[in-house]
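Asker: Residues per chain, in single letters:
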Amino acid sequence: MSGHNESILREPLITGDNITYAKITDDILSPVENKPNKAWWIGFIVASLGALLWVVAVSYTFWNGIGAWGLNKTVGWAWDITGFVWWVGIGHAGTLISAVLLLFRQNWRNSINRSAEAMTIFAVICAATYVVSHMGRPWLAYWVLPLPNQFGSLWVNFNSPLVWDMFAISTYFSVSLLFWYTGLLPDIATIRDRAVGTRRKIYSIFSFGWSGSVKTWQRFEAVSLILAGISTPLVLSVHTIVSMDFATSVIPGWHTTIFPPYFVAGAIFSGFAMVLTLLLVARKVLGLENYITMFHIESMNKIIILTGSIVGVAYLTEFFIAWYSGSEYEQYAFINRSTGPYWWSYWMMMTCNVISPQLLWFKKIRLSIKATWILSIVVNVGMWFERFVIIVTSLHRDYIPSSWAMFYPTWVDISVFVGSIGLFFTLFLLFLRVLPSIAIAEVKLLLKTASEQAKMKQIKEGHENKEYVAEYVESLEKFDSVKQEDYAKI
Amino acid sequence: MSDIKYILGSFGDPDEMMHGIEKLQENNISIHDVYTPMPIHGIEAKLGIKRSRIDIAAFCFGITGTCCAFALIYFCAVIDWRVNIGGKPSFALPDFIPIMFELTVLFCAFGMVLTYYASTHLFPGRAPRVMDLRATDDRFVIAVDAKDNVEHSVIDGLLKDAGALEIKYNERKYISYE
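Residue numbers (our numbering), protein chains in the order written: chain F, 1 to 490; chain E, 491 to 668.
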């Protein structure tokens, strides 16, 4: 880290001119060490009311059985699995940011990985509750585990993707939690050493006695790198296996080999959108503009265009293959999707996932916080409709026309879904209050090489190529946290 | 002077701290440990710390997971209770792969991280062994054992020359003990 400067052509990852190590700690810990403001309380009250709704709706389901939902003989899987896949998809961005971007040495991940990982964990919790509540008899949820034969004459069916899914989701959740918590240890120690009294005692327990000695850090980095290496195929495997829940069936519209890559791209797409939805607000409310800069936002928008376009290509490929296969059932399933009684949900999906993200090709839109925030929500609406379209439109017109049916959600269906969003935000808002929302130690690593002030020093030393400096200064125009007049002088 | 256990050189900048380590080493003063708020690259080589072998442990845990998953599925689906599904073979290896992969990752991650916690003595509730409370915030601290290196004024001078902002003489090894 010492002795070499980063290329002047790269945009800074930390802006502001008086940033010191101490200031980074102060800035990031200010929401943790101070009393919450009004905005937090309003958000928390609304979110916890949502979480309460979730408790009521899930309890109602447990008490009355899944007959409380709008399912019928033909559409036996609807909002529950839609919600499950939606949440699992959202839960992909955290590990992608912390693992894949670490392997690719993308330093901009350092300031967004912590909250993205937290979001992953909360999203997977929301997804897992759907799995348990859709079982009908949730107190027998342990039957999905391979238990000895006293529980019945059979083992679980290891050929079934639903069993694979159980292994995939539980591995993903526990490994993400482990990755997140291990990364948190040094930051919890920072809070501990600044706190007094009971607070110090509590954070002391959770810091596992972290000291920051040389060996601890050396092994910490080795462990992080290996965890990133194994989490990368893990994150890809999870949505692949989720897609196999559908792809290995014989239902027209589900039985396709394109599902695994298409689902994974969709998951990353929706995950990044949710990260943007949360961070654009957190950045403003917590005053973290110097750490989560316009460069971070633009980079995430670029990933959204890429994955959104992959999803778009997948939709078109699916349609083409349905026609090209010559299978009339497959062809009907797709014609029915786009022009049948659920045409509105298909076109909602197409508009939100394929057409509107293309607006991000325009630099003005990509760099507008308002536009980005609105688009990030549009993407998540679209991704919810994608799962709804895949699940409900493929099922609702059965093989026998006499059993064709429509799906109408009951108040319980709606409340479980709306409530799960409340639960998610409740957990996220609590996280912002008790743990640092940005990885403090990792951001400190960037201070001497990739910060605006380090680059300013480089320019002032005068050894840099004039053209490069001009290009760098031009690239700073998009930053809302950079004072342009500082550069006018040079 | 005799009660002093550790001399701490507290630096505000990692490069100056590295310089301090070099200075001390040039004068044959042994360094007890260095505490920093972030990982410092290249410090292991300077202090002669061997490469971590945690990757070997990770591989062993991972391969154990693969074998356990295979053994479990093979036992359940092939040996203990074969299920005739349309006459298809019970030993369907491609169907075993997803779970074998997941358990490889699960065993590897948990085995490795628990090994890491054990080898660095991290566990919930462990009393933090901290010499300087600012070492997790904005200070880079070199700790020198005062009993082994008697010339305290020399150490003091060397650390100050290298740019230490503060020199501390700790009479207790860890100040964080309650």
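A few of these clues could be false.
What the hints assert, rightly or not - The calculated lysine-lysine pairs, modelled on BS3-like cross-linking and capped at a C-alpha distance of 25 Å, are:
| no. | chain 1 | residue 1 | chain 2 | residue 2 |
| --- | --- | --- | --- | --- |
| 1 | F | Lys460 | F | Lys23 |
| 2 | F | Lys284 | F | Lys201 |
| 3 | F | Lys448 | F | Lys215 |
| 4 | F | Lys23 | E | Lys540 |
| 5 | E | Lys637 | F | Lys448 |
| 6 | E | Lys540 | F | Lys215 |
| 7 | F | Lys23 | F | Lys363 |
| 8 | F | Lys284 | F | Lys23 |
| 9 | F | Lys363 | F | Lys478 |
| 10 | F | Lys215 | E | Lys495 |
| 11 | E | Lys495 | E | Lys513 |
| 12 | E | Lys637 | F | Lys215 |
| 13 | F | Lys302 | F | Lys284 |
| 14 | E | Lys650 | E | Lys540 |
| 15 | E | Lys663 | F | Lys23 |
| 16 | E | Lys578 | E | Lys663 |
| 17 | F | Lys23 | F | Lys457 |
| 18 | F | Lys483 | F | Lys457 |
| 19 | E | Lys658 | F | Lys364 |
| 20 | E | Lys495 | E | Lys578 |
| 21 | F | Lys457 | F | Lys370 |
| 22 | E | Lys658 | E | Lys513 |
| 23 | F | Lys448 | E | Lys495 |
| 24 | E | Lys663 | F | Lys201 |
| 25 | E | Lys578 | F | Lys215 |
| 26 | E | Lys637 | F | Lys457 |
| 27 | F | Lys483 | F | Lys460 |
| 28 | E | Lys536 | F | Lys448 |
| 29 | E | Lys637 | E | Lys650 |
| 30 | F | Lys370 | F | Lys23 |
| 31 | E | Lys663 | F | Lys215 |
| 32 | F | Lys460 | F | Lys284 |
| 33 | F | Lys215 | F | Lys35 |
To be verified - Per label pair, the in silico range of CB-to-CB distance:
| no. | chain 1 | residue 1 | chain 2 | residue 2 | range |
| --- | --- | --- | --- | --- | --- |
| 34 | E | Ile569 | F | Val434 | 16 to 26 Å |
| 35 | F | Glu485 | E | Ile553 | 26 to 36 Å |
| 36 | F | Pro261 | E | Ala535 | 53 to 63 Å |
| 37 | F | Leu52 | E | Ala535 | 35 to 45 Å |
| 38 | F | Lys73 | E | Gly576 | 24 to 34 Å |
| 39 | E | Thr554 | F | Tyr324 | 53 to 63 Å |
| 40 | E | Val644 | F | Lys457 | 25 to 35 Å |
Rather than coming from a laboratory, the hints here were simulated on the basis of the structure. C-beta atoms are modelled at their ideal positions from N, C-alpha and C, and glycine is treated no differently.
Asker: Hint by hint, which ones does this structure get wrong, listed from lowest number up?
Answerer: Failing hints, ascending: 2, 4, 5, 7, 14, 15, 16, 19, 20, 21, 23, 25, 26, 30, 32, 33, 34, 35, 36, 37 and 39.
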